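*Asks:* Each chain is listed here by its residues.
Protein chains: 4
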Amino acid sequence: MVGTGCESTKQTIEKSKLVCEMGFDYVSVLTPCYFAKQIDGDILKNHYERIADSIDIPVLLYNAPGFTGGVRIPAKTVLELSLHPNIAGMKDSSPEGPAKLLACLDPNEDFHVLAGSANFFYPCLHLGVPGGVISLANALPNPCCELYRLFIQGKYDGARMLHFKLSRLNQAVSGTWGVAGVKAAMDITGFKGGQPRGPLNVVTNEAVEKIKQQIMNEGFIS
Amino acid sequence: MVGTGCESTKQTIEKSKLVCEMGFDYVSVLTPCYFAKQIDGDILKNHYERIADSIDIPVLLYNAPGFTGGVRIPAKTVLELSLHPNIAGMKDSSPEGPAKLLACLDPNEDFHVLAGSANFFYPCLHLGVPGGVISLANALPNPCCELYRLFIQGKYDGARMLHFKLSRLNQAVSGTWGVAGVKAAMDITGFKGGQPRGPLNVVTNEAVEKIKQQIMNEGFIS
Amino acid sequence: MVGTGCESTKQTIEKSKLVCEMGFDYVSVLTPCYFAKQIDGDILKNHYERIADSIDIPVLLYNAPGFTGGVRIPAKTVLELSLHPNIAGMKDSSPEGPAKLLACLDPNEDFHVLAGSANFFYPCLHLGVPGGVISLANALPNPCCELYRLFIQGKYDGARMLHFKLSRLNQAVSGTWGVAGVKAAMDITGFKGGQPRGPLNVVTNEAVEKIKQQIMNEGFIS
Amino acid sequence: MVGTGCESTKQTIEKSKLVCEMGFDYVSVLTPCYFAKQIDGDILKNHYERIADSIDIPVLLYNAPGFTGGVRIPAKTVLELSLHPNIAGMKDSSPEGPAKLLACLDPNEDFHVLAGSANFFYPCLHLGVPGGVISLANALPNPCCELYRLFIQGKYDGARMLHFKLSRLNQAVSGTWGVAGVKAAMDITGFKGGQPRGPLNVVTNEAVEKIKQQIMNEGFIS
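Residue numbers (the numbering used here), protein chains in the order written: chain A, 43 to 264; chain F, 43 to 264; chain Z, 43 to 264; chain P, 43 to 264.
It is worth saying that the hints were derived from the structure and are not from the lab.
Misleading hints may appear alongside valid ones.
The list makes no distinction among identical chains, and a pair is therefore deemed to hold if it is satisfied within one copy or across any two copies.
[What the hints assert, rightly or not] Only pairs whose alpha carbons sit at most 25 Å apart, straight line, appear in this in silico SDA-like list of lysine to any residue:
hint, residue 1, residue 2
1, Lys79, Pro137
2, Lys197, Asp82
3, Lys118, Ala78
4, Lys142, Ile194
5, Lys52, Gln80
6, Lys252, Asp95
7, Lys79, Gly112
None of the values given here were measured: they were computed from a predicted structure.
Could you build all of it, start to finish, from the sequences and the hints given here?
*Replies:* Here you go:
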């Protein structure tokens with residue numbers, strides 16, 4: 043899955059076609075947001091439909107108002123877009139998560155919502171989401187998968203405990219230092235996080251120690 | 043439970059003492075918010091501790107940033123206040139709900155969080171909340187209790203379906219018309235909703251018809 | 043002028059009548075804001091008209107979105123209310139000030155806007171406002187009056203310099219410590235500021251020193 | 043002057059160098075904003091200094107929180123950046139305008155602020171700004187220049203009247219329809235506005251009529 047959302051519809055289509063040619067499976071398309079006051083449901087409906095009509099691989103809507111100055115895809119618009127044969131679902135990284143939307147979706151429609159945060163991945167499983175896109179999984183992929191398995195097996199007490207660990211860690215790492223914290227956590231757990239893209243800075247050594255301590259406290263490294 | 047939160051600490055204490063004398067069981071204390079930029083965690087900690095020290099009945103924190111211009115009780119402050127012997131819990135009506143906080147609470151502490159919206163009452167049950175304070179329950183108390191019973195009995199499929207109905211209705215009624223919509227729904231389901239306090243208006247006859255239709259669509263009245 | 047704005051229309055009218063009986067000249071009525079999502083132009087129009095119809099002394103609208111969780115009186119509503127014979131004007135304490143509104147008012151209408159911040163009192167004089175309601179004037183009434191005199195006399199260079207001093211001080215005092223800073227400044231300049239109402243705290247001794255230094259730097263005390 | 047602001051420092055530098063080679067006079071650099079919660083004063087200081095150090099033509103900071111999800115350059119950071127020899131000034135398109143900043147700038151520093159809206163261009167002239175960057179000037183360049191001339195000539199009554207006309211028009215056009223409205227106004231006044239970039243739409247024919255009527259009402263076309 044590759045993110046191809048640009049401010050302009052035309053440029054988003056061009057990037058999406060390129061990604062399509064490169065053989066990827068999905069494009070994830072963040073909402074445009076520069077002219078935030080003008081970006082309403084109709085604008086977004088037209089934007090996503092034109093993109094989905096232009097490429098052969100399925101489109102995931104990407105709703106992330108924390109990164110788009112509050113621009114959200116209205117629930118009504120998501121319901122309309124869920125009918126499009128080439129729109130496969132939505133990644134929801136809003137602070138409040140997709141709970142309200144999930145109550146309104148037609149369960150017979152082939153449209154799926156992915157929970158975009160470790161803070162609500164587990165409760166959203168109880169609302170029927172088939173999966174999540176979780177930044178913390180960059181550093182701790184196995185515990186995130188284990189949480190999903192525990193849920194599938196009906197081991198809800200264990201799942202809740204693991205969810206609490208992951209959510210606490212997510213709040214401590216991503217909630218405090220953002221993407222730079224996630225990259226530091228990746229370095230700590232044996233992956234390659236590296237430097238965030240400037241103007242963001244690497245976290246301080248002190249922050250690295252705090253992150254390491256937090257991961258140890260939750261029992262994910264020793 | 044009676045709401046006694048005022049802008050000033052002194053006035054909140056006076057009202058809380060009065061409520062205490064009248065024999066009520068709890069006070070629920072909304073955050074002050076007029077001088078929003080100055081209302082930080084330390085200010086709120088001191089505010090709630092002084093109130094809880096002044097009365098004999100337990101205090102519930104009330105976190106409702108949608109009604110307080112974005113003023114929230116920071117998680118760190120809630121954790122500190124959870125140690126106070128006369129602070130019993132928190133009613134959370136934030137748009138994002140208490141999921142992040144629930145991961146951080148000490149389960150051995152005698153402090154309980156109530157889910158403040160039909161939109162996240164059910165998923166929060168899976169995170170350990172003991173109950174909710176739900177505006178829709180003014181109009182539909184039995185279905186809300188039934189949802190709780192289904193959860194307790196482990197009937198999760200039925201619970202999820204009932205949750206979806208209640209959440210859809212909550213979005214259609216409270217989400218569209220606010221307190222005036224809830225009052226109209228109460229009149230429809232046989233309770234006494236009546237007029238909202240001015241400057242709010244009663245909803246239009248057309249809105250009453252839509253609300254009635256929506257309650258019928260979800261199968262709660264025929 | 044006495045502030046009488048409450049959340050309910052009825053209670054605002056009661057307080058306004060009381061203030062009227064006590065012999066005051068004006069009531070200043072802050073917008074209600076608890077049910078912020080429902081408080082639109084029509085609700086506000088009706089609210090203010092009912093109040094203005096109920097009392098014999100004139101009403102000032104009070105627009106202060108920083109204290110009301112973003113609730114603003116829409117320009118269109120102000121224009122409608124400006125026609126009411128018992129609505130005399132508006133105090134505008136929004137961050138952006140009344141510049142946009144002033145361009146739209148009918149100059150023949152007997153309706154006046156007061157600039158609600160030292161940060162834009164002077165430029166608003168050039169847009170025709172007849173005065174201001176400025177928190178810093180609690181501590182420095184004479185310089186604020188002097189600024190007005192310089193403007194009236196056409197001494198714009200001196201007025202601009204004095205405006206810069208007052209705006210810098212306002213940003214340093216009110217912008218940093220809010221009402222508690224203004225009260226400290228009042229104590230410093232020989233007035234009685236005293237303690238802010240709890241939950242707000244008095245500023246620290248260190249802050250008092252900074253405020254004193256700032257007032258000295260601008261030449262208002264020696 | 044060419045806008046070269048991208049989310050990454052590196053990409054902004056690359057685009058700025060290109061613009062420099064193409065012979066332009068200035069780059070205007072909008073704040074990055076995707077990771078809004080991490081974009082603080084230190085991050086912005088470093089970002090702008092690295093860009094200004096990398097190119098030979100001067101840099102204008104571009105502060106436009108309405109387009110960047112609320113990301114602002116803090117006043118303290120602007121003051122620090124104003125000392126950089128290759129940072130020439132700032133274009134301020136915040137809703138509140140540059141009034142607070144202008145009070146804090148050192149008048150001996152070679153750093154200039156341009157007012158970024160017809161709503162506050164005129165009052166900011168009284169605070170010492172040397173000019174503005176005004177979207178409405180795309181459609182009405184001569185009246186905008188005339189406003190500046192009236193100010194320079196000390197014809198303040200005429201300037202205020204013209205300001206009111208331009209601000210009303212700006213609110214009616216840009217405030218209602220955004221960039222699409224400005225483009226329609228350009229077509230009406232004899233320039234080439236054309237279509238906005240998708241996903242934005244052209245305004246309706248009805249809106250075109252309203253815009254034309256508004257420009258006529260203010261006397262700029264007949």
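*Asks:* Kindly indicate which numbered hints from before are broken by the structure, ordering the numbers from low to high.
*Replies:* 2 and 6
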